[in-house]
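Asker: Let chain Z serve as the given structure and place chains P and C on it in line with the hints.
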Amino acid sequence: MAWYVGRRLLQMIPVFLGATLLIYAMVFLLPGDPVAALGGERGLNPAVAAQIRAEYNLDKPFLVQYLLYLQGIFTFDLGTTFSGRPVTDVMADAFPVTFQLAVMALAFEAVFGIAAGVIAGLRKGKAFDATVLVLSLLVVAVPTFVIGFVMQFVVGVKLRWLPTAVGSDVSFTSLIMPAIVLGAVSFAYVLRLTRNSVAENLTADHVRTATAKGLSRPRVVSVHVLRNSLIPVVTFLGADLGALMGGAIITEGIFNINGVGGTLFRAIQQGQSTTVVSVTTVLVIVYIVANLLVDLLYAALDPRIRYA
Amino acid sequence: MKIRRFAGFAATIAVGALALTSCASAGTDGGGSTADSSGGIVTAWGSEPQNPLIPTNTNEVGGGKIIDLVFSGLVYYDADGAAHNEVAKSIETEDAQTYTITLNEGWTFTNGEPVTSESFVDAWNYGAQLSNAQLSSYFFEGIEGFSWDEDSELTGLQIVDDTTFTVKLKQPEADFPLRLGYSAYFPLPQVAFEDMDAFGEHPIGNGPYKVASEDAWQHNVEIALAPNEDYSGDREAQNGGVTVKFYETLDGAYNDLLAGQLDVLDQVPDSAFSTLEDELGDRAVNQPAAMIQTLIIPMDLEHFTGAEGQLRRQAISMAINREEITEAIFEGTRTPADDFTSPVIDGWSDDVTGSEVLDYNAAKAKELWAQADAISPYTGTFTIGYNSDGGHQAWVDAVANSLRNTLGISAEGNPYPAFKDLREDVTNGAISGAFRSGWQADYPGLYNFLGPLYGTGAGSNDAGYSNAEFDSLLAQGSAATSVDEANEYFTQAQEVLFQDLPAIPLWYQNVTGGSADTVSNVEFGWNSVPLLYEVTKN
Amino acid sequence: MPDATTRPHQAHFFANLDQAPLEVVDSIDEGAAPASLWADAWHSLRRRPLFWISAALILLVVAVAAFPGLFTSTDPRFCELKNSLDGPSAGHPFGFDRQGCDIYARTIYGARASVLVGVLTTIVVVLVGGLIGAVAGFFGGWFDAVLSRVTDIFFAIPLVLAAIVVMQMFKESRNILTVVVVLGIFGWPQLARVMRGAVMSVKNADFVTAAKSLGASRVKTLLRHVIPNAAAPVIVYATVALGTFIVAEATLSFLGIGLPPEVTSWGADISKAQTSLRSQPSVLFYPAGALALTVLSFIMMGDAVRDALDPKARKR
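From first to last, the protein sequence lines stand for chains Z, P and C.
Counting along the first sequence from 1, when you hit position 54 you're at 54 in this note's numbering, and nothing is skipped either side.
Counting along the second sequence from 1, when you hit position 357 you're at 665 in this note's numbering, and nothing is skipped either side.
Counting along the third sequence from 1, when you hit position 12 you're at 858 in this note's numbering, and nothing is skipped either side.
Note that these hints are calculated values from the structure, not bench results.
C-beta atoms are modelled at their ideal positions from N, C-alpha and C, and glycine is treated no differently.
Possibly wrong hints are sitting among the right ones.
[To be verified] In the BS3-like style, the derived pairs of lysine-lysine whose C-alpha atoms are separated by at most 30 Å in a straight line are:
(1) Z/K213 / Z/K124
(2) Z/K60 / Z/K126
(3) Z/K158 / P/K845
(4) P/K476 / P/K397
(5) C/K928 / P/K674
(6) P/K672 / C/K1017
(7) P/K397 / P/K478
(8) C/K1017 / Z/K60
[Stated by the list, open to error] Here are some chain Z residues pointing at chain C (derived, C-beta under 10 Å):
(9) A2
(10) A141
(11) T144
(12) S171
(13) T173
(14) V185
(15) Y189
(16) G238
(17) L264
(18) N291
(19) A300
(20) D302
(21) R304
(22) Y307
So here's chain Z without its partners, still in its complex pose (with noise of 0.2 Å):
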């Protein structure tokens, strides 16, 4: 078992390696010149963009850039923004934040979504599970900006439950709401995820055995259903953490929180290739986590799973 952590542990190398230069590369990739953009409408003076080229190694070949901020790296020097901020100070804004945000949503999609999965899978077919099959299409089909803007003007401005936006009162009461509009999808798969995989193993030999036993239902439910139904749900949930903290630009938008998908995209607007691939480079650290709890939860969920 170490010696299989150790050897994933080992594998970010060649993925911090890969994930980089692919990113990077995309960056370089992109249409625009960051550096004339900066002079907004009025655009810059060609004296001036050349300096700022400069200053940014921009004006250096691909492979020359990215060897750069490889050196960067390893003296901890991730550069700076073109607002002249370094790069590691915007990650330490961003990103506790996006973590506390991303695992209240995990929350919220983990407990919600199994506990509902689970009564709709042993009710198939009733009421409940086709209330909940409307309501996970309602959060497909209806886009975030829609659910988070309702969720903002009727819970904060007209009931006033709850903050309407975060900023800089960073706390749990202020992320409840966000981290329900940002789990909001992921809430749809999980459920979808749970109702049929206990569905699927309500009529598996060993639930019959142990129903046959003469085992009480909630244990024969919690025990010997769940338990078995959890593999593609785990699965789900462990990828999805990082996606969660890389991709909730439209929550931050809306209720104003300084997170990674707001910084992330707006260095890709901009063009800012350090800031892009440092955040993304973090991101991929946390999915080869998440992914690796994720497997090594298999284990403990299904003995017949096992890592030499």
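Answerer: Just chains P and C, lined up with the frame of chain Z:
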């Protein structure tokens, strides 16, 4: 599924992009004063400054708003855009080329350093040096000694004594004093030159407010400003401080305003245009501003050159129903354009000869288009380039629909993902159709809407327009010694533009904002930014 | 562990001895090909009302997508601002959007691009992600290490970045396929993870061990025994994802890197409805409703197919 969360982030970007499109912000807000703590702290909408807070390197509204509160220049602009002396005691000239500037005594920066002639001259020289790569360096272009090719001293600046210096321009420019309220011309304390990067994080100014503390600027979140107790100008703070909160979406900001978590909002989201007055009542603001949107048709675009081009340009202008679009798409938050400038600028007129080409006239448009077709039949699709990150899609679609329905031609929007992508194609002349353009004035003068945009070889002359008569009228206007005389020339210059239509004026952007009932005395300046120093907390 | 004690049991251990006469069981038609899993599934599928309802719905959506002209004679691209946000009227049952376009016509004509994007992307994602996930999960070891780490790298690519780069390459020839490529690049990693997990939990099942010990090749085992039994979560995931892909197309259009503006799609109309949210929310209702109906039909179809594939559920 991650994908989903990107959906509809358009509103998100609208803010940032607006900051970009409105290329520059001059500013006149300010506030703060004698720490009389005459009230609570006002929270105001803003966006994260895109550059360090250095006056000569700030060319967008997010940073401009803060810079204007933290610094005081030689002059400031009042709500109507009129310039009043602030640090300057007098600005005098006889020939519109050499100016003698005398400073008021007793002004200090918040670190105690006195504001002297040197504070200005050093700051301007810093801003003008090529190697400093300051985004607003072009503001010093007209001063003697300026060079785009190498670092060179502004020899036109001469220090006479601590409170007097002279400025010699390369050529006469009558509206030079008018420009001096723009942030590029603000003074800097000596400490700035020791470490400009650090200064940009914690600017030390001489304005009505100061950055409240070392960690007052929480990037991408907010910046807290406290009244400057030593401020001695007209823009004295009437509140206990201003906290500028940075928002990514206007919808979020608007809901914050409705919930009482934000006091002053400069722009309301598109979705609230129709409900604004119901929700805010007389706290809603909707008035024309110094911003104009135009449709630029490159001078060398096929079928748009020569006599044929002139006919087609007029036809397209007349085929756009500005009234209907500003009502249906913008719910009246845009005002149909009557000229190439803005109604808030002194000298503006709604009946410049030739401006009738801006009136919707479907029959005439069809007729002109047919005449052009007689010269050379039109083929292909008329495209309108725009950046998708600025909330332009709706009106571009409406204009394209209008052209299709009226002229019976094929017309489509041509979206670019980001402002910079559009600019690149425009700058390289790679764009194969018309494209949108917006202009916000740097300072309240007619020239600022004409010279930089349509003068031969000018920096933002995206149409590639060149007309000797127009250039000469501009030069005469610039050399005029009175603003009224200058404006006469500028109006004549506009008549030339109405003939050639290098750009088709669409509408003036209104300032559409509002305030919560937690504050009073909210007034918006000529540049669409509220005068935050005047706002009082209830 | 209960699992261990149940292991010797086989599903067919309970075979219907009491119902089937022994001679039937004993007589073996040696010439008949064994009924394949898929044939079994089809046999079972035919008897499910859920299948027929969803098939009818899908057929309707496909018909609208293929022949929009049959359902409306209004031009979805003829828009007059004077009709902006007008309510329903004769010939215009859903009213008008902000641009003054007929909402009913746009909903009908939007089906083609949206359904194509949703279905094609789902197919690409299922094929690519399914294959990679299945191979990684089944073979393990180096296969798993390499394929899973490649998946991790692709996970990290932000949609906006990938979309801008790819779409810019095809700037002049943007169409539904380029959108499918972008969304496919973006969507497959998660499905690969789901497939991998499902395969890993199936590959140690008794019937797989049995197939192997009977001499079936590894590839054949994977294709015939493992994948069909691991398909359930993939089907569930894919049917929900189909809807999210349609909405994601809207995001791309919004960025100016989606379908060309002259193409009508539900996604684009849903995004455009954003500005009418406070004043006229019904503008959002119809395209979103059409999208929900489409997703519903595919989710129901997925459920029916999944049930049919599962021999245990079939017996009930």
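Asker: Give a verdict on every hint.
Answerer: Evaluated hints:
1. Z/K213 / Z/K124: This hinted pair holds, its Cα atoms lying about 24 Å apart.
2. Z/K60 / Z/K126: violated (64 Å)
3. Z/K158 / P/K845: Since the Cα atoms of Z/K158 and P/K845 sit roughly 23 Å apart, the hinted pair holds (cutoff 30 Å).
4. P/K476 / P/K397: holds (19 Å)
5. C/K928 / P/K674: holds (20 Å)
6. P/K672 / C/K1017: violated (36 Å)
7. P/K397 / P/K478: It holds: about 24 Å lies between the C-alpha atoms, which stays within 30 Å.
8. C/K1017 / Z/K60: holds (26 Å)
9. A2: violated (17 Å)
10. A141: Given a least distance of 4 Å, the restraint on Z/A141 holds.
11. T144: The hint holds - Z/T144 has a Cβ within 10 Å of chain C, the shortest such distance being about 9 Å.
12. S171: It is violated, given that the least Cβ distance between Z/S171 and chain C is near 28 Å, above 10 Å.
13. T173: Interface hint status for Z/T173: violated (26 Å vs cutoff 10 Å).
14. V185: holds (6 Å)
15. Y189: It holds, given that the least Cβ distance between Z/Y189 and chain C is near 6 Å, below 10 Å.
16. G238: holds (7 Å)
17. L264: holds (6 Å)
18. N291: This interface hint holds because 7 Å falls under the 10 Å limit.
19. A300: Z/A300 check fails; min Cβ-Cβ to chain C is 12 Å, beyond 10 Å.
20. D302: holds (5 Å)
21. R304: holds (4 Å)
22. Y307: holds (9 Å)
Of the numbered hints given earlier, the model fails hints 2, 6, 9, 12, 13 and 19; all others are met.
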